[in-house]
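Trainee: Under this note's numbering, residues 1 to 343 are what the sequence shown spells out, in order.
It cannot be assumed that every hint is accurate.
To be verified - BS3-like, lysine-lysine: derived pairs with alpha carbons at most 25 Å apart: (1) Lys-204 / Lys-316; (2) Lys-316 / Lys-202; (3) Lys-10 / Lys-30; (4) Lys-93 / Lys-202.
None of these hints come from the bench; they were simulated from the model.
Everything numeric in this text was worked out from a predicted model, so none of it was measured.
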Amino acid sequence: NFYFVKELKKQLSYLMVICNGDISEEGKAKFENIADEVMVRPNEGFDITAYNIGIKKCNYNSDGRYDEIVICNSTMFGPFYSFSEMFNTMKNKDLDFWGITNFHEVPFDPFGTVKYGMLPKHVQSFFMVFRKSLTQSESFSEYWRKMPQITTYEQAIGYHEAIFTKEFADKGFLWDVYANTDDLEGYTYDPLRDFPRLMIEKRKCPIREGSPKCVNCKRCGLLCGWGGAGAFSDGKLTLTPDVGGHLVDYMTRKQAEDLIGYADELYLQYGATDEVFGTDMRVFEEIEHQAVLAELKLVHSPVRHLGTERSLDVLKNMQDYLDERITILNNVSALQIKITSLS
Numbered sequence: 001n002f003y004f005v006k007e008l009k010k011q012l013s014y015l016m017v018i019c020n021g022d023i024s025e026e027g028k029a030k031f032e033n034i035a036d037e038v039m040v041r042p043n044e045g046f047d048i049t050a051y052n053i054g055i056k057k058c059n060y061n062s063d064g065r066y067d068e069i070v071i072c073n074s075t076m077f078g079p080f081y082s083f084s085e086m087f088n089t090m091k092n093k094d095l096d097f098w099g100i101t102n103f104h105e106v107p108f109d110p111f112g113t114v115k116y117g118m119l120p121k122h123v124q125s126f127f128m129v130f131r132k133s134l135t136q137s138e139s140f141s142e143y144w145r146k147m148p149q150i151t152t153y154e155q156a157i158g159y160h161e162a163i164f165t166k167e168f169a170d171k172g173f174l175w176d177v178y179a180n181t182d183d184l185e186g187y188t189y190d191p192l193r194d195f196p197r198l199m200i201e202k203r204k205c206p207i208r209e210g211s212p213k214c215v216n217c218k219r220c221g222l223l224c225g226w227g228g229a230g231a232f233s234d235g236k237l238t239l240t241p242d243v244g245g246h247l248v249d250y251m252t253r254k255q256a257e258d259l260i261g262y263a264d265e266l267y268l269q270y271g272a273t274d275e276v277f278g279t280d281m282r283v284f285e286e287i288e289h290q291a292v293l294a295e296l297k298l299v300h301s302p303v304r305h306l307g308t309e310r311s312l313d314v315l316k317n318m319q320d321y322l323d324e325r326i327t328i329l330n331n332v333s334a335l336q337i338k339i340t341s342l343s
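Kindly generate the complete structure, drawing on both the sequences and the hints.
Mentor: Set out below in structure tokens:
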């Protein structure tokens, strides 16, 4: 968060940090070294209430003192690219408000709080920018003054994030996002959650959201896709058939060990770390002895630990290799499987 705030400050003439909840003196001091003002308040009303407090403190920018008002929260990390590239691109667009990414239209209301009975396409509220052409309107200050008290996450979505864009677009105000995802409509509701690699590498999205909301997709975008849930795991490869499954029920132990070794070699070929933990049998035997005394069985399980970042790199390298040789299709059914011998 300190890196994010420090990079963001480079684009701002005045930065206010509002901390919802307790913060250590050391943490507060770090923020004070970066920001122009630091406010600590009770953890009430979610980020929307903190936004409201900050906007009200500058009188809704009704006098046009600032060209833009930026609101953002701590549910993201980055930036992966300089914010200057994004701000320079967006300043050339004739807009009243903008954001980094949008959430696509959902034809129902999974939160039960949205007045439209569905989720309109909207700018995601973890990062929004309001220009003075909007903030100097009576509609803008009235919107924030009339904001209901927020006590639940569902209310935070329904009373602000899901409705702000449509409400002001219907009044004639113009909006857009930096990382356009119109071509992904129909594939996902939340492109940044479901296609983070595409968004960061191809669309130059400078951030990754850390706690995206779930709208109960029929096929979970976090579990499906390239690498599945493993793409965001800490990348531990268990190099034994004794844990994590029942391979020896379907083949001999030798075949299972050979298969695990083959898979491990592929990971090494595409960038996995060399170090394997759990190979010191002397340490294992010492712990095993203590386990026996406690009537426990300790299973010897060598583990290659990639780490989250390395895991993503390895999967990316594998995909890049395959992309040059085959066409990978998503959301299609296999009608026939053809097996060709390579020998």
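Trainee: Each of the hints needs a verdict: does it hold here or not?
Mentor: Status of the hints after comparison with the structure:
1. Lys-204 / Lys-316: holds (17 Å)
2. Lys-316 / Lys-202: holds (13 Å)
3. Lys-10 / Lys-30: The hint holds at about 16 Å.
4. Lys-93 / Lys-202: Status holds; Cα separation ~21 Å.
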